[in-house]
Amino acid sequence: MSLKILHVLLIIFQATVCELETKKIIELLESGNTIENYDTVKARIGSFIDTKEIKIHNNIELGKELKVLNDEYPQITYLYQIGKSIRGTFLTVLAIGKFARQNTPGIPEFKYIANIHGNEISGRELLLCLAHVLLENYGKNELITSLVNKTRIHLLPTMNPDGFEDATPGIHGWIQGRTNAAGIDLNRNFPQRLGPNSVRNMQPETEAIIRWTKAIPFVLSANLHDGSTVVNFPYDDGRIEGVEAKTGDHELFVQLAYSYARAHKFMWKKGPRCIGRFEDDELDEGITNGNKWYSVSGGMQDWNYVFADCFELTIEMSCEKYPNSKELKQLWDEHKFALISFIEKIHKSISGFVLDGSSGIGIPNVLIFIDKNSKVISSNAHGDFWRIVIPGTYNVTFQHSLYESVAKTVHITSEVPYKVFNVTLRRKSRFWNFDYDKR
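Just so you know, we're using the numbering used here here: the sequence shown kicks off at 1 and counts up by one.
BS3-like cross-link-like pairs, simulated, lysine-lysine; straight-line CA separation at most 27 Å:
1) Lys42 - Lys98
2) Lys84 - Lys64
3) Lys270 - Lys24
Ranges between beta-carbon positions, derived for each pair:
4) Ile175 - Asp333: 27 to 33 Å
5) Ile175 - Ser401: 49 to 55 Å
6) Asp371 - Asp166: 43 to 49 Å
7) Glu30 - Arg87: 45 to 51 Å
8) Gly183 - Thr424: 52 to 58 Å
9) Gly392 - Asp333: 30 to 36 Å
Simulated from the structure, these hints should not be mistaken for laboratory data.
Remember, predicted model here, so these are calculated numbers, not experimental data.
No residue lacks a Cβ here, since even glycine has one placed at the ideal position from N, Cα and C.
Modelling step: build the complete structure from the supplied sequences, incorporating the hints.
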């Protein structure tokens, strides 16, 4: 059994003990002034050409809009499909970046996915707004230009186009269109960490996401929902519902989630999320552990963390699942700086290349351990690696079956929240002393 598989099993079955509780982490972030708020993020991003009007696009209009953007900005976009829905609608992705067409060594991969529940439509439209802002301000806004140059950003506005076709506004919209055309909730359709790894009735939309995520070495991701205003972080399931099911990267996930909530106009504030709604969710914070809120088995964000090398959050963007155009414009104003700044978090990382000591060529599939309980990641096809971190001191170990292991101590600070370095591995001896072996 490989070390990678062994560590996945540990993630699945081991209850990780974390030193700090979520509320304590938030208190430390606020008291240390290490977290940006809506106003500071807005000021740092600076002025940019913004979206003036927002309309609700049907699936055909959505596809045309993505193609228009691709045609207008061919040098920094790439339009591609990752699969089809049950009814045959393409799942279309718009990649944005200086190197948009293909994975490029040294450039990290980021993704936003929306509309996994077809009746939750905010993300569909806000990702179109985000695409317009990133493209129209390239070469005009310094931060946005830098982000596009240094990151490959993938936007999938709809994972469930069939459900969207069935969705309707109003109270019935809370149910109608949620599932795909086969009546399956796609956010319960991924391999589980606590149950069977295989899914008997895996849907084509789910299969497409899994193929896509395994083909591209995504580092950071968020999937966009509606129904509340909160950022949800792993794990989504646990042995006992209603208590935090913590990952080995609990503090990192809390900081990622709270950074998004704090960059939103009001999501971070304490108090009920959706006052006066017929089904209030009873949350009183801007972030929540998934299992503490309610347990979800077979969810997409847990699958990304356990079975891929991608850290994913679930962002509940609006109390209204099917907002109108006016409400969408308000939602964009509330979320736009958080959506942009969350992409930046991919660069708060330990990164570099793992190289062969003799040839200098990058080594793929090197296991990279950071302390004992955290997620193990692997180097990519060209030997490059990206591991998101928060300030602290890390013991980083690089392991490969054909090479001698190397350990590094890395210091990350709030002032310099990243570290870029290369690691050289020496091959193990291929020759045995056969006389010794006979004894």
